[in-house]
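Novice: Let the hints inform the model, and build the full structure from the sequences given.
Given next are the chains, with one letter for each unit.
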Amino acid sequence: MDPTVIRTLLGDVLQLTGEHIILVGVSCSVAILIGVSAGILGTRHATVRRLSVTAASVLQTIPSLALFGFLLPIPYIGGIGRHTAMVALVLYSLLPILRNTIVGITSVSPPVREAAIAMGMTDPQILRLVELPLAAPTILAGIRIALVTNIGTAVIAAVIGGGGLGELIFRGVASVNTLEILAGAIPAAGLALLADAGMSLLERKIAPV
Amino acid sequence: MDAKGNNLPYLSFREVSYSVAGRSILDRLSFDLERGETLVLLGQSGSGKTTALRLINRMLDPTGGDVYLDGEPVRALDPIVLRRRIGYVIQDFGLLPHWTVAENVALVPRLLRWPAERQRQRVGELLQQVGLDPATFGSRRPRQLSGGQMQRVAVARALAAEPALLLFDEPFGALDPLTRREMQQQFLDLRSRYHLASVFVTHDLLEALALGTRIAVLHAGVLETIVTPQEFFSVKTPVARAFLDTLPKTTTQGACQ
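Residue numbers (our numbering), protein chains in the order written: chain A, 1051 to 1259; chain B, 138 to 394.
It should be emphasised that the hints constitute simulated quantities derived from the structure, not laboratory data. Don't take every hint at face value.
Unchecked claim - Taking CB as the label site, the calculated pair distances span:
#1 B:S156 x A:R1178: 44 to 50 Å
#2 A:I1112 x B:S156: 46 to 52 Å
#3 B:T200 x A:H1095: 22 to 28 Å
#4 B:E209 x A:H1095: 29 to 35 Å
#5 B:A253 x A:S1107: 56 to 62 Å
#6 A:I1071 x B:L214: 51 to 57 Å
Ideal Cβ placement from N, Cα and C applies to all residues, glycine included.
Specialist: Here it is as structure tokens:
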């Protein structure tokens, strides 16, 4: 095979992998910020919990390709390009993070919570010293699901000009070029496996009790 | 007379009622308690005894009447400040599982921002007092302890910030009889050492007789009678009689002497 073709392809793979990581990294960070905050609020206010979980569940049921489609005509956040892809990925990652934050916090055992209140902890202290540390493994598990799913979903972001490894795959499919398809698919799968392993390591490290 | 120079009892319930959704849980409960005394709230499940306890540290607020602590109505006090002044021990220990024994005991002093050295000293002193060697147990986690040891830690935690009032919600109910006996003895030692006032919830008459300076019998949220342990044997009210009937005859005679 022509070495220049290989060299160009390799360059593409590197650049697109970088784009992919940024796409996933930024959208996941925003999703963690929103998901964990909404989850904490949800454990304090039943209405917030109901609304946020319902909204996130509905978003999750929309097929990812359709979600990208829905966002396109929306002013400011929509349109062709990376930011639309980011918004879609954030929305898509919310549910597991939100749900696991709520589950993690609400499953702190009643006697532990009762004692924390009776000892005179304020609500922020209970959150910081008791609930979040005890919920951390559950929250991390949610982030892990969101992150790994997100890496896969980000592949589809290429259809709306989001960049990333999906570009290679779609290009390969269009030109019936197996090498190109694999050059996109293999690094994407590798990223997902790597993220999963990394998160599992982190989970084990902070699993306290 | 207390430090403020008035004649008010240390802890006082005045016609305290609590109801939720129209259902009365506690109906016009009144009693007084001085330092050094232990009031045992004796009753069946659902008699309102735990509710009465929670009205003291404002985990609940009464729907009628007032609770006074050291002459002040507790409803006028900040619940956070109030709770840090009152020790609290529950049946299921409620130790923080991700903290060491020493960290658990130091909880309230830490909230009160005691200097680290004073916290450390206090923890050592208290673990010693409840019969746990600080060097051995200080760095352990709750899950590495037996039930009796966990409850010792919980008692040490309740005493940490030198409260004048302790609340016990069936603290020894989950322990085996021998450990329970030891803990009861320890409770009596601590009470006399610190001249503590305590309110002790139990459904065990023997425990009530052993620990109470007075016993209040609650039934369906109403105070049936309030008597000393000696007087308890001659009480004629139905629930008190029913509790007495649970004692084996020999025990009753023995305790009468």
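Novice: Would you mind marking each hint as holding or not holding in the structure?
Specialist: Taking the hints in turn, this is what the structure says about them:
For the hinted restraint 44 to 50 Å between B:S156 and A:R1178, the CB-CB distance of approximately 35 Å leaves it violated. A:I1112 and B:S156 have their C-beta atoms about 48 Å apart, which keeps the hinted 46 to 52 Å range intact. For B:T200 paired with A:H1095, a C-beta distance near 24 Å keeps the hint of 22 to 28 Å intact. Separated by about 32 Å at the C-beta atoms, B:E209 and A:H1095 satisfy the suggested range of 29 to 35 Å.
Checked against the given bound of 56 to 62 Å, the beta carbons of B:A253 and A:S1107, roughly 47 Å apart, lie outside it. Against the hinted window of 51 to 57 Å, the Cβ-Cβ separation of A:I1071 and B:L214 comes to about 55 Å, which satisfies the hint.
Consistency note: the structure conflicts with the earlier hints numbered 1, 5.
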